[in-house]
Amino acid sequence: AQTVTQSQPEMSVQEAETVTLSCTYDTSENNYYLFWYKQPPSRQMILVIRQEAYKQQNATENRFSVNFQKAAKSFSLKISDSQLGDTAMYFCAFMKSGGSNYKLTFGKGTLLTVNP
Amino acid sequence: KAGVTQTPRYLIKTRGQQVTLSCSPISGHRSVSWYQQTPGQGLQFLFEYFSETQRNKGNFPGRFSGRQFSNSRSEMNVSTLELGDSALYLCASSLAGVRPTNEKLFFGSGTQLSVL
Chain A
1 AQTVTQSQPE MSVQEAETVT LSCTYDTSEN NYYLFWYKQP PSRQMILVIR QEAYKQQNAT
61 ENRFSVNFQK AAKSFSLKIS DSQLGDTAMY FCAFMKSGGS NYKLTFGKGT LLTVNP
Chain B
1 KAGVTQTPRY LIKTRGQQVT LSCSPISGHR SVSWYQQTPG QGLQFLFEYF SETQRNKGNF
61 PGRFSGRQFS NSRSEMNVST LELGDSALYL CASSLAGVRP TNEKLFFGSG TQLSVL
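Taken in sequence, the protein lines are chains A and B.
Note that my numbering has the first sequence beginning at 1, numbered continuously upward.
Note that my numbering has the second sequence beginning at 1, numbered continuously upward.
By construction, these hints were calculated from the structure, which means they are not laboratory data.
Since the structure is predicted, the reported quantities are computational estimates derived from the model, not experimental observations.
Keep in mind that the hints are not guaranteed to be accurate.
[What the hints assert, rightly or not] Every beta carbon over 12 Å from chain A, so not counted as near; a handful from chain B, in silico:
| # | residue |
| --- | --- |
| 1 | SER22 |
| 2 | SER31 |
| 3 | GLN37 |
| 4 | LEU46 |
| 5 | GLU48 |
| 6 | ARG55 |
| 7 | GLY58 |
| 8 | PRO61 |
| 9 | SER65 |
| 10 | LEU83 |
| 11 | LEU90 |
| 12 | ALA92 |
| 13 | SER94 |
| 14 | LYS104 |
| 15 | SER114 |
| 16 | LEU116 |
[Said to hold, decoys possible] Below, simulated SDA-like cross-link-like pairs (lysine to any residue); rule was C-alpha separation at most 25 Å, straight line:
| # | chain 1 | residue 1 | chain 2 | residue 2 |
| --- | --- | --- | --- | --- |
| 17 | B | LYS104 | A | ALA16 |
| 18 | B | LYS104 | A | GLU15 |
| 19 | B | LYS104 | A | VAL13 |
Ideal Cβ placement from N, Cα and C applies to all residues, glycine included.
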């Protein structure tokens with residue numbers, strides 16, 4: 001079974017600054033996907049970024065980027081130029097690759113507050 | 001393109017009752033999965049349906065069940081409600097190809113169930 005750990009329950013950052021959220025995971029699988037989801041007060045889970053484990057290059061999406069360390073089983077999210085709208089719960093998630101594996105295993109989440 | 005629609009947004013029930021939640025996926029999406037979110041347990045996978053068949057199931061008692069219709073809409077049912085069933089129930093849909101190589105799971109805003 002897979003486990004995902006987010007060791008920072010809460011974090012805060014000043015607007016326009018950079019913040020990094022941590023995530024580690026445990027799996028015996030070699031092929032898998034990692035995700036960061038954002039859940040604002042509206043409760044809808046929004047996909048922020050996705051990483052395929054077979055790709056060495058770190059994924060980026062505008063102000064969001066990841067630092068994927070497969071050997072260390074680490075998957076951190078960096079948010080640059082933080083904006084007030086980035087305030088939300090952030091969840092790291094794991095999904096096995098292949099076949100019909102549409103099951104996400106989530107971490108407990110990190111509450112990020114962006115201060116003006 | 002309309003997103004994932006969950007109804008109702010809020011629901012209040014009493015212990016022992018049963019409840020049915022509905023999820024309409026994004027048009028063209030064939031996979032629908034359900035997650036339970038609570039403050040204590042976080043996000044937990046309930047089950048996933050594809051082409052009217054349950055493909056994956058999480059570790060929940062038999063009181064939790066679901067189904068998918070030919071138009072991909074899905075319902076989940078919880079019978080004999082317990083206080084611990086109070087949670088946000090999230091539905092996610094995806095295209096569900098043979099391999100989730102480029103797949104993304106899109107979530108709805110959830111149904112908040114309160115059991116009194």
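Evaluated hints:
1. SER22: SER22 (chain B) is indeed farther than 12 Å from all Cβ atoms of chain A, at 16 Å.
2. SER31: 5 Å, violated
3. GLN37: At about 9 Å from chain A, GLN37 (chain B) fails to clear the 12 Å cut-off, so the statement is violated.
4. LEU46: 10 Å, violated
5. GLU48: 5 Å, violated
6. ARG55: At roughly 5 Å from the nearest Cβ of chain A, ARG55 (chain B) sits no farther out than 12 Å, so the non-interface label is violated.
7. GLY58: 7 Å, violated
8. PRO61: 18 Å, holds
9. SER65: 17 Å, holds
10. LEU83: 21 Å, holds
11. LEU90: Non-interface label fails for LEU90 (chain B): nearest chain A Cβ at 6 Å, not farther than 12 Å.
12. ALA92: About 7 Å separates ALA92 (chain B) from the closest Cβ of chain A, which leaves it inside 12 Å; violated.
13. SER94: 6 Å, violated
14. LYS104: Violated, because the least Cβ-Cβ distance between LYS104 (chain B) and chain A comes to about 6 Å, which does not exceed 12 Å.
15. SER114: SER114 (chain B) is indeed farther than 12 Å from all Cβ atoms of chain A, at 14 Å.
16. LEU116: Label holds. Min Cβ-Cβ 21 Å, cutoff 12 Å.
17. B:LYS104 <-> A:ALA16: 29 Å, violated
18. B:LYS104 <-> A:GLU15: Violated, because 29 Å separates the two Cα atoms, which is more than 25 Å.
19. B:LYS104 <-> A:VAL13: Between LYS104 (chain B) and VAL13 (chain A) the Cα gap is close to 28 Å, so the pair fails against 25 Å, i.e. violated.
The earlier numbered hints that this structure contradicts are 2, 3, 4, 5, 6, 7, 11, 12, 13, 14, 17, 18 and 19.
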